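Engineer: Chain residues, written in single-letter form:
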Amino acid sequence: AQSVAQPEDQVNVAEGNPLTVKCTYSVSGNPYLFWYVQYPNRGLQFLLKYITGDNLVKGSYGFEAEFNKSQTSFHLKKPSALVSDSALYFCAVRALGRGYNKLIFGAGTRLAVHP
Amino acid sequence: NAGVTQTPKFQVLKTGQSMTLQCAQDMNHNSMYWYRQDPGMGLRLIYYSASEGTTDKGEVPNGYNVSRLNKREFSLRLESAAPSQTSVYFCASSERTEGEQFFGPGTRLTVL
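Order-wise, the sequence lines are chains Y and A. Under the numbering used here, the first residue of the first sequence is numbered 11, with each subsequent residue one higher. Under the numbering used here, the first residue of the second sequence is numbered 263, with each subsequent residue one higher.
Note that these hints are calculated values from the structure, not bench results. Remember, it's a predicted structure, so these values are computed and weren't measured experimentally. Note that beta-carbon positions come from the ideal geometry of N, C-alpha and C, so glycine has one too. It is possible that part of the hints are untrue.
Unchecked claim - Taking lysine to any residue pairs in the SDA-like style, the calculated list, with each CA pair at most 25 Å apart, reads:
1) Lys-59/Y - Arg-339/A
2) Lys-271/A - Asn-51/Y
3) Lys-271/A - Arg-120/Y
4) Lys-333/A - Thr-359/A
5) Lys-271/A - Ser-96/Y
6) Lys-87/Y - Arg-339/A
7) Lys-333/A - Lys-87/Y
8) Lys-276/A - Lys-333/A
Stated by the list, open to error - Chain Y regions said to be covered by chain A (calculated; three or more residues, Cβ under 8 Å):
9) 23-36
10) 84-91
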């Protein structure tokens, strides 16, 4: 079955410390992977994607993600967290459907950055 | 350039009432989507439209219908609302079905 797992409901980190939000996936074929962020009462905003090429992908707001094929993971990282990074983060993977491609989203991880 | 817009922002319905959620995008995208977001469940695809003139079911289509009115607009209709349809509904669009999606601000729907 094609799926995405975000094993942590919440991640807590102190401002200035590095952060990691974990994502693992299971899909047929080559994975297209995405990270989105959702601020309170807002829609999802695209952060970054991996389709092919370098395993380290850089995105918006200083975030980056590392694609690891052997571990089927695509963890989101940032070297120095800001309080304003506190939000809900979703990992998504392109899944092959009935003649179409669709995105499957993980359940989300709430990131709380403390001053 | 407004991106993806949705109306209304909030709605309260009684069981059995009907309503249509409107979505429009100004990015000339081919594909459009309707999702619902429920706590702890991420986003679940209700219906999508890969291109103008086509629509297809997603993971949770029961109780919903859609219309791709033109390239810009994609509406979601609840014919007979049920409390289980209480949720936040998001419309999204993308240039292609495998590309990144751009989301609207959402509609918070409560069915009593």
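Engineer: With a cut-off of 25 Å on the C-alpha distance, tell me whether Lys-59/Y and Arg-339/A pass.
Structural biologist: 32 Å, violated
Engineer: For the pair supplied as a hint, Lys-333/A and Lys-87/Y, confirm whether the alpha-carbon distance does not exceed 25 Å.
Structural biologist: At roughly 36 Å apart (the allowed maximum being 25 Å), Lys-87/Y and Lys-333/A break the hint.
Engineer: Quick one, are Lys-271/A and Ser-96/Y close enough, alpha carbons at most 25 Å?
Structural biologist: 23 Å, holds
Engineer: Is the hinted pair Lys-271/A and Arg-120/Y satisfied, with a Cα-Cα distance of at most 25 Å?
Structural biologist: Holds, at about 23 Å.
Engineer: Taking 8 Å as the C-beta cutoff, is the stated coverage of the segment 84-91 of chain Y by chain A satisfied by three or more residues?
Structural biologist: Our answer is that it is violated, as 0 residues pass the Cβ test (under 8 Å) against chain A, missing three.
Engineer: Quick one, are Lys-271/A and Asn-51/Y close enough, alpha carbons at most 25 Å?
Structural biologist: 10 Å, holds
Engineer: Is the Cα-Cα distance between Lys-333/A and Thr-359/A 25 Å or less?
Structural biologist: 14 Å, holds
Engineer: Given as covered by chain A, does the segment 23-36 of chain Y meet the bar of three residues or more with CB within less than 8 Å?
Structural biologist: violated (count 0)
Engineer: Straight-line Cα separation of Lys-276/A and Lys-333/A no greater than 25 Å?
Structural biologist: Given that 25 Å is the threshold and the Cα spacing comes to 32 Å, the pair is violated.
Engineer: Hey, Lys-87/Y versus Arg-339/A, does the alpha-carbon distance stay inside 25 Å?
Structural biologist: 39 Å, violated
The structure shown violates the earlier hints numbered 1, 6, 7, 8, 9, 10.
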